[in-house]
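*Asks:* With the hints as extra help, turn the sequences into a complete structure.
Below are the chains, spelled out letter by letter.
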Amino acid sequence: MSHKAPSLFDWTIVSPAIAESFRKLNPRLMIKNPVMFVTEIGAFLTTISVFTTKENHLFIVQLAVWLWFTVLFANFAEAVAEGRGKAQADSLRKARKDTVARLLRDGVEESVPAGSLEKDDLVVCETNDVIPADGEVIEGIASVDEAAITGESAPVIRESGGDRSAVTGGTRVISDRIVIRITSEKGNTFLDRMISMVEGASRQKTPNEIALTILLSAMTLIFMLVVVTLRPFGTYATANFSTPVLIALLVCLIPTTIGGLLSAIGISGIDRLIRRNVMATSGRAVEAAGDIDVLMLDKTGTITVGNRMASDFRPAPGVSEAELADAAQLSSLADETPEGRSIVVLAKEKFNLRGRELASPHATFIPFTAQTRMSGVDVDGRSIRKGAADSVRAYVESKGGVFPSEVEKAVILASQAGRTPLVVADGNRVLGIVELKDMVKGGMKERFAQLRKMGIRTVMITGDNAMTAAAIAAEAGVDDFMAQATPEDKLRRIRAEQAAGHLVAMTGDGTNDAPALAQADVGVAMNTGTQAAREAGNMVDLDSNPTKLIEIVEIGKQLLMTRGSLTTFSIANDMAKYFAIIPAMLMATFPAISPLNIMHLASPQSAILSAVIFNALIIIVLIPLALKGVQYQTGGALEVLKRNLLIYGLGGIIVPFIGIKAVDLVLGFLHLA
Amino acid sequence: MHTSELVQLCLFIGLLALLTKPLGIYLTQVLDANGKTLLDGLIRPVENLTYSLMGVDRDKEQDWQGYTLAMLLFSLVGVIFTYLILRLQHLLPLNPQALPGLSAHLAFNTAVSFATNTNWQSYAGESTLSYFSQMVGLTVHNFTSAGTGIAIAAALVRGIARASANTLGNFWVDVVRVTYYVLLPLSFVFAIFLLSQGVVQNFKPYDTASLVESFQSQVPKIDEKGDPILDANRRGLLEVKTISEQSIVQGPIASQVAIKMVGTNGGGFVNTNAAHPFENPTPLSNFLQMLSIFAIGSALTYYLGRATGNQAHGWSVWSAMMLLFLAGVLLCWWAEARGNPTHQLLGIAPGDGNMEGKEVRFGIFNSSLFATITTAASCGAVNAMHDSFTALGGMVPLFMMQLGEVVIGGVGAGLYGMLVFVVLAVFIAGLMVGRTPEYLGKKIQAYDVKMAMLSLLVLCMSILGFTAWAVASQWGLAGLNNNGPHGFSEILYAFTSCTANNGSAFAGLTANPSDGDSHYNATLGVAMLIGRFLMIIPIMGLAGSLVKKKIAPPSPGTFPVQGPTFTILLIGIVLLVGALNFLPALALGPVVEHFLNLQGLLF
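Protein sequences appear in the order of chains A and B.
Start counting at 1 in the first sequence, then tack on 251, and there's your number in the numbering used here.
Start counting at 1 in the second sequence, then tack on 27, and there's your number in the numbering used here.
Among the hints, erroneous ones may be present.
As the list claims (entries may be wrong) - Not close to chain A: a few residues of chain B, all C-beta gaps over 10 Å, as computed:
| no. | residue |
| --- | --- |
| 1 | His-303 |
| 2 | Ala-339 |
| 3 | Thr-494 |
Stated by the list, open to error - Which residues of chain A face chain B? A few of them, derived with a C-beta cut under 7 Å, are:
| no. | residue |
| --- | --- |
| 4 | Leu-466 |
| 5 | Phe-484 |
| 6 | Lys-704 |
| 7 | Gly-752 |
| 8 | Thr-819 |
| 9 | Asp-825 |
| 10 | Tyr-829 |
| 11 | Leu-889 |
| 12 | Asn-895 |
| 13 | Ile-898 |
Quick caveat, the hints were computed from the structure, so don't treat them as lab data.
Beta carbons are placed, not taken as given, at the ideal position from N, Cα and C, and that holds for glycine.
*Replies:* This is the structure we're talking about:
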């Protein structure tokens, strides 16, 4: 799957979208969008007027054309958004090509089409078999290529039991043999859901979209009332308002801008998630992500890098730190574990000790084993060892050395501070300890501070003891932590937060995370996780990167900001449209009101046309904004509100004055009105 | 615009601001069913007796349906009660002028008018109603309709403030407490003050005085039975009559005037309302009457802040109201001070402004201020004839009502109307902070939006729908005194005033014509019912939905409903969503009239 957004007006998306815009004119589809449905009826009635009225032919024809364009532009916005999803769906669909499944029935294998598999069927997959449907590995271990859904070419391990048992239909087994129990219903596999999600086929309006549609429909109704009563008002004033002019006023007043872009905004929000390799099971989940105010983050992998790193050398009495560092580095040269490498790096940083090439004739490396719990090197007659305190103590004492009490104390202190002490010895002499600690990922502290400013609290979850947890929490700048957290603790914590009115997001992968994932308002399951976890959450992260939770929240917020900004813009536009159309309508009967024509529009007809044309064009102009989302800003609500109100509220009042005037000038130049 | 007038304007706003907190705290005590107040010793026993007579349990709260039903029942009984009194007033006591019973449609219109806190008067009080009708039939409503408005506002505020609850208070307890603890004592004190200024309070028949100089006037021709004589077009015939005597009105005026201001009722004892020297004798009485119109509505915003635990929010709402008000006053004042160019061509000094239809005792500024206050606050008492204002000056009162009576507004009604806009402002702009809309921690969802928009739709439908019907009908045009855009404004004003439950009249429109045509009385009556109850029902639905919601604890990410940004936003939403709908109608009325006036055309 591509991770990059296609360019906004990629011809392969635009050309089918144009065709789609016309297909969407079908009133049965339009009625789902009441604002645009009213516009379509208006366009239709104006078209009839073209044939029934004699005078002002050019004017009415242009009016009709631009009213149809208004509807088409709105359809186009939706079609482009859907088209961008479809491009992804097609690449997914290739993975779903009909495969033959090796169904295991009473221990006998038979070949059946993948489409006929039922839930709880058992199937066998061997090297180069495509996994026929979502399931759980119940026997064996295999490496699986999941590029079809994640876009990641490195194979992953899937094995029975544990937290890496889930497999996805459409992925390919690269080695070994596994037996899979099918967990998805027919036609409802992960891939199926993903395709329908990106295509928007199963897209239902989210709760906020429904509420917004109600607002827009009610406003449309009010404006219809305004326009319908305007005719008798006009008759009283001996001003006869023609139907096309009244329709023009109506279409300009009803919130067509947001009405036309609303579904595009929603679709593109989901689209943005998918581009970050996150699958949401519903648009509702994306919306909820914006509301999150408590983030429960796993320590390992999210806040800290996965492995512990060397942070300090603490020499024994009588030993210099440089000597300790040198010995520690020597012993770690062949140690390819992240911890080992971190010791080499630390020594280099602190004492500029270069990593040395030690040829094997001179040096013998002693690898780490579960029995000795030490590793090291024998070189130039020295035998350097590093390992857990008790193992090294036993080693040193067996060679007649003494384990200094200072070092013992340092070991205890380090453990209490949540660090892992490795004791380094040269022969029977203890040189000191190397402290390993959790390293907080770069930039996390700033990120948490930003989140705090936005009113989002972060809670770190860790299996460490409280002291270790507190130390890391303080360093990372999270607001709260849960030490020695069990899945039950997490569930309880989520419930408590929710009872206090908070909305909680979390990530999880194991089966025992499932209840908490289901309880959370946004539960992001790791794709590497179990099927149970993937079913429980309302999002799946195909990259299995827990840090992404923060991005998900940001995408949700950006979606809501875009929707709100364009709604405000759309409503604010009405001011200018009134000033364009009302004087134009009254001018013929009451020339005295000409000072009200503050934009100095050329003629009444030009004024009305300009407003209608601006109203149609603004939809096209705003499509990129609807698809990309408004600029996302961190900061407190007040700050963000001020900024957006200024741009989209005040801007929404001013821009149409300029726009309508510009269109009026162009119309005059082209002698169209 | 003189400095003294500016000082008076500042004094008015300053005193109002000072009054808001103490009165707001007192309201908070009263609106808590078990709250302690200063007057407990005096009123508590009567209050308790009332409950036991009514069989009301003070601590038993109602859900929104129960609360609304009780309110509807109470209002219905009130309408029927007053309807019967008005129809039968010739059989009832305290009728020294021996006035006859009212026609069915006038009685309906009047009963509805007072029960809905509108106090639209299709009649002239002094020549239509007996003292008994005024005091028992109408003044009772001045208290109960005001009490009802405050009760509904309290219910909505409780809906906002309470979390995960179900009940909104007890309607009976709210109305009783508001009436006993707030309206009665305030009116009593205010009535005493008015007496001191010279407002009359008696049960004497009207006085007669001989005119120093008799004059001739056209009056409706009546037959022996007292019925008007009609011509072929069913218009009342007029005859020229020499008038040498003046009838001077008497009656229990002070008591009615006090509550008509405090309870934003506005129904005058006499037809000229607060322009009459017996209703409003001195500059001081005029100033305090204006202040008393705004007092409770203003204090309710403090109650909002108190109850929701966000005082700054209360003040933000207050500021939005005051800014809209200030804009209105300044425009009206400017337009009236500027005067009428045609008058000036005829030799009237431009410095005199437009004094047509104004009391010389009050002048331009106090008439403009009073007109803006009375329409902003859904009171409807007038001390000048709005019909005679300049086109733009007259547009201000009209516009204030079309805002939905949310600029301070009617007691209670102003707050619940404004809270609808608050909910809409939060919903529309709330998304811009990147969360689904949230008002003081409560999610604003589809149902809430539906209810809020329904209340706006109803307002719009009644004003525009009825006006359209009237301007397109014979009966509608027959009532007009003026033609052209001014006539249009008269009709628009009448339906706006009734729908918004304001009750002030643009005058010039004959709603109770001598030929007995019932259209205006009936349609205006229905408009008042729509404007009151079809507004309240969705708003109570909103309260019922809000009260059930959880409250998300505030954080820096919470949508701010306090401070200048919110105030500006709220004003923007009131104007864009509420008022812009009336722009085309206003354009055809006062706006066109203004430009035609500039060209020397009068209507």
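*Asks:* Which hint numbers does the structure go against, in order from smallest to largest?
*Replies:* 3 and 13
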